[in-house]
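*Asks:* Going line by line, the protein sequences match chains C and A.
Here the first sequence is numbered in the numbering used here, starting from 1 and rising by one per residue.
Here the second sequence is numbered in the numbering used here, starting from 1 and rising by one per residue.
These aren't lab readings, by the way, just hints derived from the structure by calculation.
Keep in mind the model is a prediction, meaning the values are calculated, not measured.
Wrong hints could be hidden among the right ones.
Heads up, the list lumps identical chains together, so a pair's fine if it works in one copy or across two of them.
Stated by the list, open to error - In silico DSS-like pairs for lysine-lysine, Cα to Cα no more than 27 Å straight-line:
#	residue 1	residue 2
1	LYS93	LYS111
2	LYS111	LYS149
3	LYS208	LYS92
4	LYS149	LYS93
5	LYS111	LYS92
6	LYS263	LYS93
7	LYS149	LYS205
8	LYS111	LYS263
9	LYS111	LYS205
10	LYS111	LYS208
Protein chains: 2
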Amino acid sequence: MDMELSPRSRQILEAIVEDYIATAEPVGSSAVARRHALTLSSATVRNVMADLEELGLLTSPHTSAGRVPTEKAYRLYVDSLITIRQVTREEKKQIIRRCRQAGSGLPDILKETSRTLSSLSNYMGIVVAPSFISHVFRHIEFLRLGVRKVLAILVSSNGLVQNRLVEISEDITQDDLIRMGNYLNEMMHGLTISQARERILAEMKNEKVQYDRLMSQALRISQQAVNMEHDEIFLEGQARILDQPEFSNAHRMREIFGAFEQKGLLLQLLSSCMAAEGVQIYIGSETPVSKTAGVSLITSRFVTSNNTVGLLGVIGPTRMGYSRVIPIVDYTARLVSRLLNDT
Amino acid sequence: MDMELSPRSRQILEAIVEDYIATAEPVGSSAVARRHALTLSSATVRNVMADLEELGLLTSPHTSAGRVPTEKAYRLYVDSLITIRQVTREEKKQIIRRCRQAGSGLPDILKETSRTLSSLSNYMGIVVAPSFISHVFRHIEFLRLGVRKVLAILVSSNGLVQNRLVEISEDITQDDLIRMGNYLNEMMHGLTISQARERILAEMKNEKVQYDRLMSQALRISQQAVNMEHDEIFLEGQARILDQPEFSNAHRMREIFGAFEQKGLLLQLLSSCMAAEGVQIYIGSETPVSKTAGVSLITSRFVTSNNTVGLLGVIGPTRMGYSRVIPIVDYTARLVSRLLNDT
DNA sequence: TTTAGCACTCTGCAACAATGAGTGCTAAAT
DNA sequence: ATTTAGCACTCATTGTTGCAGAGTGCTAAA
Chain C
1 MDMELSPRSR QILEAIVEDY IATAEPVGSS AVARRHALTL SSATVRNVMA DLEELGLLTS
61 PHTSAGRVPT EKAYRLYVDS LITIRQVTRE EKKQIIRRCR QAGSGLPDIL KETSRTLSSL
121 SNYMGIVVAP SFISHVFRHI EFLRLGVRKV LAILVSSNGL VQNRLVEISE DITQDDLIRM
181 GNYLNEMMHG LTISQARERI LAEMKNEKVQ YDRLMSQALR ISQQAVNMEH DEIFLEGQAR
241 ILDQPEFSNA HRMREIFGAF EQKGLLLQLL SSCMAAEGVQ IYIGSETPVS KTAGVSLITS
301 RFVTSNNTVG LLGVIGPTRM GYSRVIPIVD YTARLVSRLL NDT
Chain A
1 MDMELSPRSR QILEAIVEDY IATAEPVGSS AVARRHALTL SSATVRNVMA DLEELGLLTS
61 PHTSAGRVPT EKAYRLYVDS LITIRQVTRE EKKQIIRRCR QAGSGLPDIL KETSRTLSSL
121 SNYMGIVVAP SFISHVFRHI EFLRLGVRKV LAILVSSNGL VQNRLVEISE DITQDDLIRM
181 GNYLNEMMHG LTISQARERI LAEMKNEKVQ YDRLMSQALR ISQQAVNMEH DEIFLEGQAR
241 ILDQPEFSNA HRMREIFGAF EQKGLLLQLL SSCMAAEGVQ IYIGSETPVS KTAGVSLITS
301 RFVTSNNTVG LLGVIGPTRM GYSRVIPIVD YTARLVSRLL NDT
């Protein structure tokens, strides 16, 4: 998108974007001239604005309204115009306090992080737990709950626990289950969950094992346990998007909420955000979340002690307070990473 | 609310309520006369309606609109006017299918149940998991995750798993943790979680134990594990309430969503619904959910194999399709109970 | 007791004018 | 060559008015 905008044009564009972010109303030439203490008349600003519209950076809802930034303008804004605020002392304090005292256990921390993101940004907070699949296997355990009902508990080395009720074809005693557990724990020691999964499949083909009834049972059960999906995704502050005037229209809201309801879909889409490091910003139609509505997404990865990555961020309207939210997301990601690493 | 309404008045009230439920529009005298094939003129209906208004069963938004049922009318309606539909073959099939194949594990089943309730009723589905506290203790286990970090895993006899990361004051080896586990498992065998909790507290005062460093550690850790809150509450189909015309107003919606967001609060309020057996119906201000908005709640308990109870139901506008939803809730509760009991 | 008839009340809608914010263009000023 | 003042023009918004329609309440007849 090259375009060599004059410094003045950029300054004016910045003013417009910020004004619009603040007010959610189309902004007119005189407002810019006045508010921004540029020593320029509204007429001059008008000329510049016409140029900017030409370039596809502004649109007007109708002839006699002010102008509104396009997605392209937001893009330009966050890429090169924005002056990013620092995280205030207050915010830092709050983030630290809330993430720290969130209780223990990864899920608790992540949930509280999501809450915190939401309440600091005043938009919606989102946290995607590090994919279980890439965690390092720690421990597996079987419990006989009833006739032919076995509970499999799978623990990863950073404390995520997954459990699954497995129905088996013939009953097994608890003693046998313990033996099975020992066997599997040894076999999968030090592997990641996905490696473990492959290992199990490989092992099932092993002739020697096939004739050992107990062992083949063990493999079959653990295969189910290891296969479990795990879509830990924490979405907090959904109600806040109702505060945004652009979503007061029931229809658009319905759209957004509908999209969020299938977390599965969301998860899939979000995984694409995990690719890059640092703060990622997706504006409007760039967002993987929902093609339709004017939603923006600011995310950053965080890493756990064993190099698995999770995602955290904020979802809000395109007209989002980027300069305020970006540093918050950035800081929170760093903090969470640190928190999860000093074991 | 006594009141000896004539059969005709009741019939008319029923017609009005049902009309209003169907259309969400104030219903007028002629509509009632026409639609309901009563051999009555609109004038007669008008007289009756005036009486009903007198009794506080109807209100009119303004002079020349039709009339709208009050909460009192809904109450009367569900108590004595309603003719409850049967659950259709189709619905039954769907409920059974979805709850059955929901995958295994209590949480999965409950979540899917909530989804099913939502999609069948077209309102919001809610399921509150049986209180962990009253479950029978099954197994406790400790895993050393890092220096002074221990993961406690607590399993109840019907397969709910709770885990908690506990930070301890001095490091313990995995071997010692296993020994602790054995000790505790024996001690709490057959108790409910809440009994177990008391037992632990009692044991901590035991002199002999106090001098055994390991055992007192064990008790301290397990106390934390047993204390964990567990607010499993599954709320599905929130977006559906956006479809209701009475909530198209952004403000009211914000109210409702706000209320749902603190599940803690919700849980507390809902626990009061657990008291009684059978289908419970709360209309408007009777609901424990949210005093303000016109929301109704239909719930029923379900029981697990060890007599712990959970709650399940539907949240919708006061103007809810009671005759359709009530049997669905009833049937689902029975089915889930049966499903959880044939172990 | 029921109903027909009628006056009355109120909303909703459409047409219309007035308002005013904001633009685009032109011509003067710098 | 810019910048700016001035002015005509556009168009959403607001308020007015008038009218049609839905619904009521009351009265008097069936």
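*Asks:* Taking the hints in turn, state whether each one holds.
*Replies:* Checked hints:
no., hint, result
1, LYS93 with LYS111, "within (18 Å within a copy, 36 Å between copies)"
2, LYS111 with LYS149, "between (31 Å within a copy, 20 Å between copies)"
3, LYS208 with LYS92, "neither (58 Å within a copy, 47 Å between copies)"
4, LYS149 with LYS93, "between (48 Å within a copy, 25 Å between copies)"
5, LYS111 with LYS92, "within (18 Å within a copy, 36 Å between copies)"
6, LYS263 with LYS93, "between (31 Å within a copy, 26 Å between copies)"
7, LYS149 with LYS205, "within (25 Å within a copy, 38 Å between copies)"
8, LYS111 with LYS263, "both (15 Å within a copy, 13 Å between copies)"
9, LYS111 with LYS205, "neither (41 Å within a copy, 35 Å between copies)"
10, LYS111 with LYS208, "neither (46 Å within a copy, 41 Å between copies)"
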